[in-house]
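Enquirer: Protein sequences, first through last, are from chains Y and G.
In terms of full-length UniProt numbering, the first sequence is residues 1 to 516.
In terms of full-length UniProt numbering, the second sequence is residues 1 to 325.
No lab work stands behind these hints, which were simulated from the structure alone.
One should not assume that every hint holds.
If we take Cβ atoms under 10 Å as the criterion, some of the chain G residues that face chain Y in the derived model are [claimed, not checked]:
1. P33
2. Q50
3. I52
4. G60
5. Q63
6. R86
7. P90
All residues carry an ideal CB built from backbone N, CA and C; glycine is no exception.
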Amino acid sequence: MKNYLKATTFLIAAALAAPLAAQQAGGRLDIVVQPEPPGLVLGLVQNGPTQLVAGDIYESLLRYDTDLKPMPGLAKSWEISDDGLTYTFKLQEGVKWHDGEAFSADDVVFSADVFLRETHARLRASLAHVESITAPDPLTVVFQLKQPFGPFINAFETGTMPIMPKHIYEGTDFANNPANAKPIGTGPFKFDEWVKGSHIHLVKNEDYYVDGLPYLDEVYYRVIPDAAARAVAFETGEVSVLPGGSVENWDIPRLAKMDGVCVTEKGWEFFAPHAWMWLNNREGPTSNQKFRQAVMYAMDREFMKDVVWNGFGKVATGPVSSRTNYYSDDVTMYNHDPEKAKALLAEMGYDGEPVRILPLPYGETWQRWAEAVRQNLSEVGINVEIDSTDVAGWNEKTSQWDYDMAFTYLYQYGDPALGVSRNYTADRIKKGSPWNNVEGYENPELDKKWAAAAVMVTPEERAAAYAEIQKEIVDDVPVAWMQELTFPTIYRCDVKDLVTTGIGVNDGPRNTWIEK
Amino acid sequence: MSIIVAILSRAGKAILTLLAIAILNFFLLHAAPGDPAVVLAGEAGAADEQMIEQLRERFGLDQPLYVQLGKYVGGIVQLDLGYSFRQGAPVAQLIAERLPATLLLTLTAFFISLILGIALGASASARVGKPSDTVLTTLALLFYATPLYWLALMAVLVFSVWLGWLPGFGYETVGAGYTGFARMLDIGQHLVLPALTLGLFFMAVYMRMTRASMLEVAQLDFVKTAKAKGLSPREIRRRHILRNAILPVVTLAGLQAGQLVGGAVLTETVFAWPGIGRLMFESLAARDYNTILGVFLVSAAMVILFNIATDIVYRIVDPRIGARA
């Protein structure tokens, strides 16, 4: 009651003081970036920290809301022909590059057809469906597809198709262009300075083509290498935003309880990070389907979510995240059932052969997660050894298939054809890369279904096809699906409109304003 | 004259040692699992063979190991530390950017620990067995035994979070735009906690060593002679005991000085100090070969340099050493 009164009084006071919560211009925002990005030219480097910082500098044709619905970006409108083959984009007028040159459709054609085709592995896969990219006039771009490819509408996100300046890069060696030291984009913020090991400074783009945006004068991305120090930096007010994953999970409840601190799990919908353990389908106990099912039943994944992840996230039901399009929950549910697991192990005649678990070397949380799995598995009689290494060693071991069970997580990019099928079809079994079918799962019938579902024209057809695939693959347990991860963003509540899109803080500062 | 000859011969050996270190490091690094192309591609969250091949080619990793080694050593002898493909900049530039911050931190810590350590050690030895001696030695033991990172975190918690007296991390106030004296003051404030944290351990070591060594020397005959000829106890301690007792401290200081470049990884990490230790650590995690090799080489050069410097200091403190050599 007392709290209620306090809250009402506060609301009334707030209402009297500021009858209209109009966005206020000005101010500076300090955001943690961790680890320090290797570079800021988004067309060349697409790792998480680079996307976080460069998402303010570069833009793509579209943006996506938290339901993954496209919104205008550099394109003010777009149209997909009924046969799903022609994507026509009308571009914004009066857009300028940060160096003052005019932006036009030629930049888009150059970026997609020349620059990114050479440098961007993930986009290259989508561009394989594209017949031609043309600019009939300076404000129109047309993508002509070879066959319908529904997920193509998700390819126009900043990190997926960052538009690069043609006048700077045409005819040069992109990776070694001296201009890479000062990235030039069309975005709401311009690059000012990068003090290595300390911070990256962006300043307001006064010529931004959306009137009134951005509100902030400047953004500082602060490099603070120690997780505990990042928490302290937030507590002392040195930084106002901790993007997802900046602090260890057990620090989140403490920080969230502080006065004037807000937490949101939104802003990861486009990526929908999905965590699982690869189970080596080629050899050892994990090559037996019954063993893999036993692993699923043996694990108390709800408990792991609550304890290891402090309750953030959601237990995964299968290969597709519930935040990704075409998710279906009509699948076998693997609840915690040690007896069933023991029965399956007895049925297959498991002889106690030890299995190695390779945790992801991304900090304490992942180490503890592996320990929780070991605990659960040993309860049903599976012998487990934890095999720890660093990031480079993890990459090496997984891409050379030297593991029994290995933790990983991957982004889904809004569509199963972009972020899911790549982990399960036989044509994606290739040594030397940890982002494909590393587990070695082979199911020719499902391969055909994955391929067909990607190129169906209507969303209804696709939904039905993916539902069928999910139902079948979940019984095979090619990998042990663990959890839909969420990385909560922690920020001071006077920072408004920080997370408004499906990529969260990556393009957040565009609309952010600070209440004074 | 003998000093110059000694230095020249040491310098010759030093260059050979450095080359050997470079080659050894090269093989050690390449023996570690993983390579920079896979790490870089891995961070992108998606990669195909074409991407990995492109990266390997760009990094020069597609060539046989002996060719890579040849190129690297060829570069070093021309004082070219190579190029960091990950960061898109020459290694020498990356190191030069970070070196001042590290030297500021480690040199401050070095002098704090040396001066305070010797002073406190000397004063403790003069009051041996008294309460003040007990307090000092206990404190020294505590600092000696406490892990550095814990001390660092506690210092931040107390002085930065609770008391709000000092900034908890960083090199200077970001975006404040200070210049001149204001900037020096600002950096100075940021320097206090990391320099103290880093310095306390060595201060404790120097203190204990000075104290023990002085007590030992105080038993020797020439001290009795000095007493007998009527010198004041103060004079005896300063001119006779301390000067004879300081050699082991100099040895240890030489060792600490060798770590001036690479020895502050933990402190730099906890305090977000933009120094070279972090550059080394992060490059190692990313298998950024050229950068790590560059940092290792610079560190090795520092160690050798300070070893030579220590030898010279020996001769100054104790002229007998040069005469015997």
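Enquirer: So, as I understand it, the hint says R86 (chain G) touches chain Y; can you test that by seeing if any CB pair is closer than 10 Å?
Expert: holds (5 Å)
Enquirer: Should the interface hint for Q50 (chain G) be scored as holding, given a Cβ-Cβ cut-off of 10 Å against chain Y?
Expert: holds (7 Å)
Enquirer: For the restraint on P33 (chain G), tell me whether the closest CB of chain Y is nearer than 10 Å.
Expert: holds (4 Å)
Enquirer: Hint validation: P90 (chain G) versus chain Y, beta carbon distance must be below 10 Å. Holds or violated?
Expert: With Cβ-Cβ at 12 Å, over 10 Å, it is violated.
Enquirer: Mind checking the CB of G60 (chain G) against every CB in chain Y and telling me if the closest is under 10 Å?
Expert: violated (13 Å)
Enquirer: At a threshold of 10 Å, is the proposed contact between I52 (chain G) and chain Y supported by beta-carbon distances?
Expert: I52 (chain G) check passes; min Cβ-Cβ to chain Y is 6 Å, inside 10 Å.
Enquirer: Quick check on the hint: Q63 (chain G) CB to chain Y CB, less than 10 Å?
Expert: Violated: closest Cβ of chain Y sits about 18 Å from Q63 (chain G), beyond 10 Å.
Comparing the model with each earlier hint shows violations of hints 4, 5 and 7; every other hint is respected.
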